[in-house]
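Here is what each chain is made of, one letter per residue.
Number of protein chains: 2
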Amino acid sequence: MIITVTLNPAIDVTYRLPRLTVGEVHRVAEVTSRLGGKGVNVARVLHQLAEPTHAVGLADEAFAEALASELPSTFLPELEEVRRTVVVAAAESTTSLWEPGRQAAPGADLRLLDLLEDWVVDATALTVSGSLAPGVPVDLPARIARLAAAAGVPVLLDLDDAALAAAVGTGAVLTPNEDEAARLLGDAPDDPVVAVKELATRHGGPIVLTRGRLGSIACADGACWEVSPPAGIAGNPTGAGDATAAGIVRGLAHGRPWPEILRDAAALGAAAVAAPVAGEIDTETYASVLAGVRVERIDHEEP
Amino acid sequence: MIITVTLNPAIDVTYRLPRLTVGEVHRVAEVTSRLGGKGVNVARVLHQLAEPTHAVGLADEAFAEALASELPSTFLPELEEVRRTVVVAAAESTTSLWEPGRQAAPGADLRLLDLLEDWVVDATALTVSGSLAPGVPVDLPARIARLAAAAGVPVLLDLDDAALAAAVGTGAVLTPNEDEAARLLGDAPDDPVVAVKELATRHGGPIVLTRGRLGSIACADGACWEVSPPAGIAGNPTGAGDATAAGIVRGLAHGRPWPEILRDAAALGAAAVAAPVAGEIDTETYASVLAGVRVERIDHEEP
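Chains as they are written, first to last, in my numbering: chain A, 1 to 303; chain B, 1001 to 1303.
Hint data in this document are derived by calculation from the structure and do not stem from the laboratory.
Incorrect hints may appear among the rest.
Said to hold, decoys possible - Estimated spans, in silico, between C-beta atoms of each pair:
1. A/Ser33 x B/Leu1110: 25 to 31 Å
2. A/Glu92 x B/Arg1019: 16 to 22 Å
3. B/Val1025 x A/Asp122: 34 to 40 Å
4. B/Val1025 x A/Gly186: 54 to 60 Å
As the list claims (entries may be wrong) - Here are a few chain A residues that face chain B, going by a calculated C-beta distance under 10 Å:
5. Glu81
6. Leu97
7. Leu110
8. Arg111
What the hints assert, rightly or not - Computed footprint of chain A on chain B; a stretch qualifies when at least three of its residues, placed anywhere within it, have a C-beta under 8 Å from a C-beta of chain A:
9. 1020–1029
10. 1035–1044
11. 1176–1184
Since the model is a prediction, treat every value here as computed from it, not as a measurement.
Idealized CB from N, CA, C, for every residue including glycine.
With the hints as constraints, model all of the structure from the sequences given.
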């Protein structure tokens, strides 16, 4: 069973209306909402792939109850409330309003670690994805990673800012994008391959640098690969990173070799772009693009 | 005790941000939310005036529980969910997004009538304010008014559209605005006094035509009055109508004469404009403007 951890979930609300005009009153014709957050999306994709999964995290009671009716999950009711992300989808524009995360109760981190201590025993892999609710210590993902590593469970951390910085050295798979990698390195080399190698060395573990449409560059176990995704997939890029993370963590859970993991993850990312909502993949796209993903070993000499 | 009925409550959410730009992602710095709906606002004003009040209506469980911790209230958990009204308050614009009301459970009207049948025995007056959730029969406010009238309880109905039309003939106090009155009359006379008289005759009960900054024109018990509010009150007009309704229903509960009721209601409306949020009045403004409200008897001859 793969555990996905979400420390700042969200209710993703979409308002559909013909036109958004600043300064006016709009009667919204159609409201849809979906329980989300990056770790929840990872769990949804794994669930769709029939991979045994359990989503874990911090939320409020209503969210915890509602999600449990959709997906195997255990969310501790430690947040005042779960934030909403409102997307106003008009015919010719998409405008987003992201509420700030709400405060976590004191000691929420310790109660979550207690829970995970019991759960990791049965886990085949674990992810921690997304931002942290206010009040959650920035090193909680790193502590979770160490807990899992001590139990022999492979870990992927999809984090940013201070939580990502705190995770360097844990040995978990880190998946920064180019901005995050540059901030981590301070003075980033121009060549992304050199940057990824340097990060992997500092970190002492795998780095998968995610580059959106350009694919990814990964260094793990002393080797590096450049991954080129299939061209021509149009759609909704929200959630593509979570599907990619689902692909990597599934590969880790099954002990697959890195080139195979990276190919599968890139195909899942493309299949998420082709699906209308985050946390879903288009299975036909997945099947059709898998063979077309290019994964090239790059034997880059240090300059 | 005054009962206020709300058949389509709302959670009023305010997002504060420097600027709203169509097509962009905004991280909202500040979120405030408040349990609302017109009848809830009436109850809040009465509560602030230390008038014994009980708010009743249809909602979901979370809303019912949360409101009960703020205000004496009983909301039946008959709605799928309580809608939100989102106000995006930027420095130079206010943009609103009103979610549609959610479906009421079949039979919710009958269960509410059962509840009110028990409650009206102890009531001194009753209001029904605002729109109806989908699934609520348009004549429910009229049926509530008849139930209360049968128990000798005076009623104010602040409604629009089909629910207002269905309430004509109940004898309750109706408070249409000019657009609503024109729609009711079909072919409305140019002179608003003639229109109000005609409506009062058709209805067989008091009409208070609300005209925003112009005040109101009321016909009741065979007499008519023009009410001119105090000038120079600036602020937030949202909720002013609910404070006016609170003033009228309080007067009805205490059996006060109409000129006094109308003066008090206009002062409360002005005091609501001076308060920052709907459902509150500025008590200093209320005290200072009360004597300045002009209530003139209009002995208008029929043409």
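Hint by hint, here is what the structure shows:
1. A/Ser33 x B/Leu1110: 25 to 31 Å: holds (30 Å)
2. A/Glu92 x B/Arg1019: 16 to 22 Å: holds (20 Å)
3. B/Val1025 x A/Asp122: 34 to 40 Å: Cβ of B/Val1025 to Cβ of A/Asp122: about 38 Å, so the range 34 to 40 Å holds.
4. B/Val1025 x A/Gly186: 54 to 60 Å: At roughly 27 Å between Cβ atoms, A/Gly186 and B/Val1025 fall outside 54 to 60 Å, so the hint is violated.
5. Glu81: OK, holds: A/Glu81 within 10 Å of chain B, min 9 Å.
6. Leu97: Constraint on A/Leu97 satisfied, holds at 5 Å.
7. Leu110: With a closest approach of 27 Å, the A/Leu110 hint is violated.
8. Arg111: At about 23 Å, which exceeds the 10 Å cut-off, the nearest Cβ of chain B leaves the hint on A/Arg111 violated.
9. 1020–1029: Holds: 10 residues of the segment 1020–1029 of chain B have a Cβ under 8 Å from chain A.
10. 1035–1044: violated (count 0)
11. 1176–1184: violated (count 0)
Comparing the model with each earlier hint shows violations of hints 4, 7, 8, 10, 11; every other hint is respected.
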